[in-house]
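Take the sequences, apply the hints, and build the full model.
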Amino acid sequence: MINPRTIAVASGKGGTGKTTVATNLALHLAQSHKAVQYVDCDVEEPNGHIFLQPTISTSIPVTVSVPEVDLAKCTGCGKCSKLCQYKAIVTIKDNVLTFEQLCHSCGGCTKICPVGAIREKPLPIGQIESGSTDSLEFLHGRLEIGSVRSPSLIHAVRQQVNKSSVVIIDAPPGTSCPVIASVQDADYVLLVTEPTPFGLHDLTLAVGMVRQLAIPFGVLINRSGLGDDRTQVYCRQEQIDIIAEIPDDRRIAQAYSTGRMILDAVPEVEPLFAAVAERIVS
Amino acid sequence: MKIAITARQPDLNSEVDPRFGRAAFFLLVDSESLQWQAINNDATNVSGGAGIAAAQAVIEAGARAVLTGNCGPNAFRTLQAGGVQVYTGITGMAEKVVKDFNAGLFEPVREANVDSHSSTRTQG
Chain Z
1 MINPRTIAVA
11 SGKGGTGKTT
21 VATNLALHLA
31 QSHKAVQYVD
41 CDVEEPNGHI
51 FLQPTISTSI
61 PVTVSVPEVD
71 LAKCTGCGKC
81 SKLCQYKAIV
91 TIKDNVLTFE
101 QLCHSCGGCT
111 KICPVGAIRE
121 KPLPIGQIES
131 GSTDSLEFLH
141 GRLEIGSVRS
151 PSLIHAVRQQ
161 VNKSSVVIID
171 APPGTSCPVI
181 ASVQDADYVL
191 LVTEPTPFGL
201 HDLTLAVGMV
211 RQLAIPFGVL
221 INRSGLGDDR
231 TQVYCRQEQI
241 DIIAEIPDDR
251 RIAQAYSTGR
261 MILDAVPEVE
271 PLFAAVAERI
281 VS
Chain P
283 MKIAITARQP
293 DLNSEVDPRF
303 GRAAFFLLVD
313 SESLQWQAIN
323 NDATNVSGGA
333 GIAAAQAVIE
343 AGARAVLTGN
353 CGPNAFRTLQ
363 AGGVQVYTGI
373 TGMAEKVVKD
383 FNAGLFEPVR
393 EANVDSHSST
403 RTQG
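Which chain is which? The protein sequence lines are Z and P, in order. Per my numbering, residue 1 is the first one in the first sequence, and the count goes up by one each step. Per my numbering, residue 283 is the first one in the second sequence, and the count goes up by one each step.
Everything labelled a hint here was simulated from the structure, so no lab data went into it. Computed from a predicted model, the values in this text were never measured in an experiment. No residue lacks a Cβ here, since even glycine has one placed at the ideal position from N, Cα and C. What you were told as hints is all true, and nothing was included just to trick you.
Derived SDA-like pairs (lysine to any residue); straight-line CA-CA distance at most 20 Å:
id	chain 1	residue 1	chain 2	residue 2
1	Z	Lys82	P	Thr326
2	Z	Lys93	P	Ala363
3	Z	Lys34	Z	Glu278
Just a few of them, taken from the derived set where beta-carbon distance is under 8 Å, the chain P residues facing chain Z:
id	residue
4	Ile334
5	Ile341
6	Ala363
Structural data, given as structure tokens:
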């Protein structure tokens, strides 16, 4: 088994237990004397810090480029407007309007302007914060409220990752752009699911995504016993490894709801995390 | 003057389409001569920037006013830059809308009356 250094914890359906698994797996590995960095890529609503309670030592602002037009130089030729695929810059009569929230920062308009009337200006999108607990390193992104640039911030967060540690990435839910930005180029993806029809439906979408990205993956069934065995049947049919099953236990939900690590509140889960670590980090 | 009415079908018997950016059709009507033509809205299925694209289309077609149900903030800003008056809350059959417009029954609005992407969301 290869020694995966970057493990992304993802899911299809939200609320299946990604953060529970990611934070507790990171803590277990750190307690087993591995150098570990927990990275929360759910930049729209990071919550890992609630459970790990890191001391934050650095905070860096992150910006993306959006166009700024010098109307004195602009000749109204409309080339920028024709080039833009997103309607982020449009020429209307004598005016040039920019719509910063639609801009994808390709820089094309700045290059195509024949008179150099467009320059790039920075648009703040959020912060990257790093720090540590007494056993592991911590990193997360916080997206500015109202910003839509999650993938850009996630890319910036991942550039700050400590590649010499075992990295546990806590991904956002679903299969859209922020998730792709969080899991791409990981060594392994652990898909956390719940054994319900909704959970299974969304798991199949996540499996499709991870196969498309060609990353080795396995499934962890959380709240096992809650539903039926259709998830296990599906995994068997698709030849997908079920890495572990965490039983449906009210004490786990209680611990989560009070911001406690389940390794502390329900120590019986420790062998489960040891088994997960053995199978995917070895 | 030329006015643009958002429409579900490409003719004057059509109901006003309550959307602007993703309206099915625009009816371009000369409010004096009552000559008219319908144009397709090519922006209906784009993932973003539909309001801006629709506004560009009606400005390009020479409209000086837009009559519709709802108009979002990006469309409104673009129409304003193009010198187009916006009338929201317009309902009923397009032909009657033209009559009522000529009778001065409508007031233009000063801002968008819905948020971005509102036509793509379900009620409640």
